[in-house]
Amino acid sequence: MSDPYSEIRSARLDRRSFLKRTGVAGAAAIVASRLPVPGAAVAQDATLRADAAAKRGGTLRYGILSAAAHFDVHQSGTVANIGPQSPMYDTLLRRSPRDGQTIIPDLAQRWEIAPDGKKYTFHLRRGVKFHDGAELTAEDVKATYERIARPPKGVVIPRTPLFATVGDIVAVDPYRVEFRLTEPRPKPFMLGAFASGWNIIVRKKTLEEHQGNLRQVMNYPGTGPFKHVSRQDKEVWIMERNPNYWNKGLPYVDRLEIYNLPPFSPELGSSFLSGKVDYARLLDPVSWRKAKEMPGVTAAAFNQSVIQAFWTNMQKNKALADPRVRRAIHLAMDRHTLVEVVKDTAPMQVGGFVYPFHEMSTPRPELEKRLGYQKDVTPAVQEARRLMKEAGYANGLRNLDFVVRDIASFKLWAVAIQAMLKEHLNIEANLRVVQTSVWFEEAAAGNFDLAISAIVSTLMDPSDYFTAWYGKDGPQNYSRWTNPAFHDVASQIERELDDSKRKTLVRKAEDLLEQDPPLIPVAYEQIYDAWSNKVKGQNPSTYFGIYDVVRWDQVWLG
Amino acid sequence: MRKYLARRAVYAAVTLLGVSLSIFIVLRVLPGDPLVAILGVEGHARMTPADRVRIMADLGLSDPLPVQYVRWLGDIGAGRLGKSFFRGDTVAELILHRGPISAEIGVLALFISWLVGMPVGILSAFKPNGVPDAVARAVSVLFIAIPGFWLGMLIVLALLFWFGYKGPITIVHFWNDPWQNAQLVLGPGIVLGLAQGAYIARMSRSCLLEVIGEDFVRTARAKGLREGLIVMRHALPNALLPVITISGVLLGFVLGGSVAVEQAFGVPGLGRALVTAVIERDIIVVQNLVLLYALIFVVVNVLVDLSYAWLDPRIRYG
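First to last, the protein sequences are chains Y and E.
Just so you know, the first sequence maps onto residues 38 to 595 in our numbering.
Just so you know, the second sequence maps onto residues 25 to 342 in our numbering.
Do not rely on the hints blindly, as some may be mistaken.
[Said to hold, decoys possible] Between beta-carbon pairs, the in silico distance windows are:
1. E:Asp113 to Y:Lys92: 36 to 46 Å
2. E:Val273 to Y:Phe394: 24 to 34 Å
3. Y:Gly333 to E:Val163: 34 to 44 Å
[As the list claims (entries may be wrong)] Each computed BS3-like pair below joins lysine-lysine, with the alpha-carbon atoms no more than 30 Å apart:
4. Y:Lys406 to Y:Lys540
5. E:Lys107 to Y:Lys241
6. Y:Lys190 to E:Lys107
7. Y:Lys406 to Y:Lys459
[As the list claims (entries may be wrong)] Residues from chain E that face chain Y, not an exhaustive set, calculated with beta carbons under 8 Å:
8. Ala61
9. Val65
10. Arg305
Treat the hints as calculated values from the structure; they're not laboratory data.
Even for Gly, the Cβ is constructed at its ideal location relative to N, Cα and C.
Build out the structure end to end from the sequences listed, making use of the hints.
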């Protein structure tokens with residue numbers, strides 16, 4: 038094996054060579070000092086570019102839920118908006134469609150982060166046009182983010198907390214916008230927030246014309262690769278290629294037809310299997326397995342940004358306020374069986390309080406050695422019974438009101454959980470199945486002992502959902518749970534800029550949540566997609582969720 | 025006749041007013057927050073009380089109930105029928121777009137119910153207690169017993185897995201493409217029609233058997249008329265009145281059944297719109313569609329009553 042340093046060691050260094058080398062090194066140092074600090078500009082030259090091998094033309098028929106309740110993407114939290122509308126819009130940054138993870142430039146051609154992490158400067162592309170012909174300027178970006186960070190009355194934007202530390206947003210010049218933070222946040226968190234598919238850039242004028250509320254404005258101009266053609270409510274949304282798209286050569290397909298086909302529904306499955314659509318998102322497991330066997334079809338599974346869980350009302354029920362009882366309930370769950378119970382209804386995987394596939398969470402093999410996640414539940418159930426006895430509930434609990442959302446997977450799980458609680462802990466729960474709108478009313482009013490549902494986050498980063506799911510007065514902390522030690526650690530995680538230190542803190546938070554569960558995790562959702570092999574340029578296997586890579590500009594038909 | 029019509033019109037108006045009031049109150053008493061569907065789960069969780077007040081006012085839900093009710097009646101009078109809470113589409117647009125598909129399914133179902141039910145009923149009555157009668161009765165009981173949505177799902181699955189076929193996934197009106205349109209409406213029309221046909225068969229059989237025992241039929245037989253002629257010319261017209269009456273009632277079953285059957289076949293008709301609106305708590309859409317269904321039911325039953333005079337010359341409306 039050659040020694041990489043031998044050439045340097047053997048070289049004779051005379052005075053002239055020394056001066057030459059010193060001069061070059063000095064010049065290099067001066068140039069380097071003018072460059073942004075390492076890590077300040079992530080993947081800045083990685084704009085998605087047209088592939089010469091890709092074919093132009095054709096119509097892509099895409100099946101996804103697209104019966105949105107309104108048209109305001111910022112105010113939405115459902116795929117029914119982002120599924121059909123995102124191809125018409127761009128964001129400041131985006132996740133690369135190649136892996137769904139890497140953050141790459143979009144309308145911001147490059148960006149800088151101040152060394153103290155308190156200023157993010159975005160340099161916008163020039164000559165970007167909205168579909169109505171107006172040019173994109175920093176004022177549009179400022180107006181968009183002012184609205185997201187500080188929505189007007191009557192406008193509710195789920196992503197607002199991501200920008201809680203954003204103070205001033207300044208349009209420095211028409212192509213440069215600065216976000217000044219009141220205190221720094223971890224770079225992956227902030228960049229992830231800017232790259233979220235939800236944060237589409239809209240015109241300042243559009244927002245002004247509609248008093249900041251776009252719920253009933255169907256076709257407001259974007260800068261995206263596709264333009265609106267027509268829409269039939271709950272049926273189809275048709276778009277055509279934007280010929281003036283800033284990213285030359287993209288998109289590849291001439292026409293996009295987005296059919297309203299609800300998730301996990303037989304309609305979506307049958308539409309794909311019969312060839313009515315080329316790409317189906319959120320297939321039910323039975324249709325997905327069938328699609329996998331079909332010639333000329335590719336099927337992929339990937340992680341979704343949703344936890345399925347049930348909450349224990351600590352304010353209403355004294356027993357459930359005891360951490361030992363909640364931990365006992367947590368340990369009494371046979372999670373592998375719960376995943377199996379719904380395997381033909383919705384694809385799921387076992388996980389704890391943090392996304393099980395996140396780099397900072399306990400790795401799956403390690404997690405599955407823990408009580409509560411093992412395939413053999415006997416040791417966990419023994420510990421659960423011990424805890425119940427210690428808490429003074431050795432004989433179990435009676436008449437718990439278990440509120441269940443009227444959705445197939447929750448109904449299946451509720452019956453299984455009811456049986457596990459009875460068998461393992463002698464806890465008797467009465468199931469009360471209600472419509473989704475009633476569930477949230479009951480959950481908000483605290484009219485339940487146990488309540489099962491699902492909640493979503495924008496980012497995989499714990500700082501996004503620790504506040505919403507587990508935070509004191511967090512909007513989805515339906516258990517009304519508090520734990521000062523956890524809140525302190527969560528606050529440190531939010532502020533810690535060093536990744537390895539954050540990871541240690543996240544593990545510490547996991548341990549606290551295991552001992553004092555704010556909710557009982559049931560499973561983490563997966564997404565099943567399938568597409569005809571003529572659809573090229575997208576494989577979502579490594580994507581996280583269905584809200585970031587949703588633009589179809591990189592997809593072509595072979 | 026005019027007096028009779030005026031009286032029926034008043035009765036119909038009172039009935040519809042009652043229906044409108046009932047559905048209006050029921051939808052506002054039932055639990056469930058429409059803002060969950062509008063704002064989504066995350067948005068709803070983050071909504072402040074001030075946001076709620078503003079949004080409820082925007083939707084017109086913060087006004088007193090009598091004001092909301094009178095405003096709805098005004099919208100009906102103006103032909104707008106109000107706006108969906110969600111996308112701002114008017115209910116009138118929804119009905120104009122989806123109504124023709126559901127109407128086609130309803131008419132087709134009624135047509136099939138007569139086309140299948142009457143011959144089966146006549147066959148059964150013609151040779152009562154024979155093998156054809158037993159088979160016809162068994163089959164008709166079977167079709168009454170089988171839920172339409174289940175049969176619909178079986179048909180959809182059979183077509184998909186055996187022939188790789190699925191009907192159109194968007195609305196295609198008859199005037200745009202009759203063949204595509206037929207693929208949309210045939211399935212639900214047949215499933216609903218067969219179920220109603222079973223009722224028609226049983227009713228026509230029992231009515232015919234009763235009429236066949238009457239003196240005038242015995243006289244016809246004594247005069248040496250052929251059995252077929254006796255049934256078709258003399259017995260059947262006299263047995264039709266109850267069958268027509270039940271057809272009016274069956275229309276209610278068709279309207280109700282279409283909600284589930286459209287869902288099973290994935291046909292985007294009014295029935296399916298109603299299901300979605302109920303789930304979304306889009307109360308403006310629900311109350312208008314329920315009222316529309318009630319209106320159709322009332323009108324058809326008035327027409328059924330009027331048809332008696334045409335079918336039976338002895339009946340006069342004074």
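Hint by hint, which ones does the structure fall short of? 2
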